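Colleague: So you can see what is in the structure, the chains are spelled out below.
Protein chains: 2
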Amino acid sequence: MTMTEQPSAAMNWSTENCTISRTMEILGDKWTFHVLREVFVGVRRFEDIRSRAGIPRQVLTERLAALIERGLIRRHPYRLPGQRERSEYRLTQAGLDLYPVLVAMIQWADQYLPLDDGPPLIPTHRGDCGGKVSVALQCDGGHEPTPREVSLQPGPGAKPRS
Amino acid sequence: MTMTEQPSAAMNWSTENCTISRTMEILGDKWTFHVLREVFVGVRRFEDIRSRAGIPRQVLTERLAALIERGLIRRHPYRLPGQRERSEYRLTQAGLDLYPVLVAMIQWADQYLPLDDGPPLIPTHRGDCGGKVSVALQCDGGHEPTPREVSLQPGPGAKPRS
Numbered sequence: 001m002t003m004t005e006q007p008s009a010a011m012n013w014s015t016e017n018c019t020i021s022r023t024m025e026i027l028g029d030k031w032t033f034h035v036l037r038e039v040f041v042g043v044r045r046f047e048d049i050r051s052r053a054g055i056p057r058q059v060l061t062e063r064l065a066a067l068i069e070r071g072l073i074r075r076h077p078y079r080l081p082g083q084r085e086r087s088e089y090r091l092t093q094a095g096l097d098l099y100p101v102l103v104a105m106i107q108w109a110d111q112y113l114p115l116d117d118g119p120p121l122i123p124t125h126r127g128d129c130g131g132k133v134s135v136a137l138q139c140d141g142g143h144e145p146t147p148r149e150v151s152l153q154p155g156p157g158a159k160p161r162s
Numbered sequence: 163m164t165m166t167e168q169p170s171a172a173m174n175w176s177t178e179n180c181t182i183s184r185t186m187e188i189l190g191d192k193w194t195f196h197v198l199r200e201v202f203v204g205v206r207r208f209e210d211i212r213s214r215a216g217i218p219r220q221v222l223t224e225r226l227a228a229l230i231e232r233g234l235i236r237r238h239p240y241r242l243p244g245q246r247e248r249s250e251y252r253l254t255q256a257g258l259d260l261y262p263v264l265v266a267m268i269q270w271a272d273q274y275l276p277l278d279d280g281p282p283l284i285p286t287h288r289g290d291c292g293g294k295v296s297v298a299l300q301c302d303g304g305h306e307p308t309p310r311e312v313s314l315q316p317g318p319g320a321k322p323r324s
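From first to last, the protein sequence lines are chains A and B. Our numbering applies: residue 1 is where the first sequence begins, and numbers increase by one. Our numbering applies: residue 163 is where the second sequence begins, and numbers increase by one.
Calculated from the structure, these hints are not laboratory results. Don't take each hint at face value.
One side only, chain B facing chain A, incomplete, derived with CB under 7 Å [unchecked claim]:
(1) Thr181
(2) Gly244
(3) Gln245
Okay, the calculated beta carbon distance ranges per label pair [stated by the list, open to error]:
(4) B:Pro322 / A:Leu96: 42 to 52 Å
(5) A:Gln58 / B:Arg246: 47 to 57 Å
(6) A:Asp140 / B:Leu258: 36 to 46 Å
(7) A:Ser162 / B:Glu209: 29 to 39 Å
As the structure is a computational prediction, the values presented were derived from the model and not from experiment. For glycine and all other residues, C-beta sits at the position ideal for the given N, C-alpha and C.
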C-alpha cells in the first residue's frame with residue numbers, strides 16, 4: 001500500500017486546452033465517427049453511407065457538412081448515366097492522416113475485445129505487399145518504448161490551472 | 163469527374179460487429195475519456211480527478227466502476243496519515259496499451275489543430291532518453307506505408323449484410 005505520495009504534477013496544469021479532448025470533440029461524436037468509418041472503408045456516397053451506417057438523413061447531412069468544414073473530407077462530383085450530378089465524399093490528407101488513430105484502435109480492440117470468428121477488419125498494405133498494418137511507438141532517440149516507458153509531459157502550450 | 167465506379171466492397175459487409183465502433187463505445191463517452199486522460203497523466207485519486215476534470219461526483223463514481231469492470235483501470239489502496247484507507251486508480255496493462263491510440267491522437271491534433279503556444283502535452287520516453295514519442299504505421303512485410311497506401315479489408319470475422 002502507498003502511504004503518502006506526491007500528487008501528480010499534472011494537477012498544476014489546466015485541462016482547458018487538452019489535446020486529447022480537442023481530438024475527441026471531433027471523433028467522439030457517435031455519428032461523426034460512423035461517417036468517417038464509412039469513408040475510410042471506401043463507402044463514399046450519401047445513400048450508401050446512410051443505409052450501411054443506419055444514420056438518419058438529416059443527421060448525415062449535418063455531419064458531412066461539419067466534416068467538410070473541419071477539412072477531414074471533401075466533395076467529389078460524380079454522375080451516373082441519366083441522373084443528375086451528385087457528390088461523393090473522400091478523405092482529405094488531414095482525414096487520411098487519422099489512419100494511425102484507427103489502426104491503433106483496431107489493434108487494441110483485436111487484443112482486448114476479440115471476437116470468436118477473428119477480426120472483422122484488417123488494416124492492409126495496398127498492392128503487392130498485402131501485409132497487415134499495425135502501429136508502433138517510437139521515439140526521437142531511436143527507441144521503441146513500451147507503453148509503461150511513456151509519460152505525458154506538459155509542453156510549451158500547457159497552461160497553469162487558475 | 164468520376165462517371166461510374168464500382169460500389170465499395172464494404173457495402174457487402176455488416177457494420178454490426180465493427181471493431182472501431184466497439185472501441186468508440188468505450189472511448190467515445192465524454193466523461194469516460196476524461197477519466198482515462200487523468201489517469202494517463204498521473205492523476206489517480208477520486209478528488210483530484212473530480213476537481214481537475216470537472217466531473218460530477220456521481221458520474222465519476224459510475225465511470226470509474228465501468229472502467230474497472232472493463233479491465234482498463236484497477237484500484238490500489240493508499241492511506242494518508244490520520245485518514246481512512248482510500249483507493250487510487252491505476253491503469254492495467256489493457257489500459258496502458260491504449261497509449262498508441264492516445265499518442266496517435268496527440269500527433270494528429272498537433273498537426274491539424276495546433277495551438278499558438280505549441281503543444282500542451284508531449285508524449286515522452288521516460289528516463290534518460292527523454293525523447294519525444296510518436297507512432298508510425300508499419301506492415302508485416304517490413305514497410306512503412308503512408309496512410310494512402312493502407313486500406314481496411316474484411317477479415318475472418320466480417321459478417322455479410324443481411
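Colleague: Taking the hints in turn, state whether each one holds.
Modeller: Tested hints:
| no. | hint | in the structure |
| --- | --- | --- |
| 1 | Thr181 | holds (5 Å) |
| 2 | Gly244 | violated (11 Å) |
| 3 | Gln245 | violated (10 Å) |
| 4 | B:Pro322 / A:Leu96: 42 to 52 Å | violated (28 Å) |
| 5 | A:Gln58 / B:Arg246: 47 to 57 Å | holds (53 Å) |
| 6 | A:Asp140 / B:Leu258: 36 to 46 Å | violated (21 Å) |
| 7 | A:Ser162 / B:Glu209: 29 to 39 Å | violated (18 Å) |
Violation of the numbered hints given earlier is confined to hints 2, 3, 4, 6, 7; the remaining hints are satisfied by the structure.
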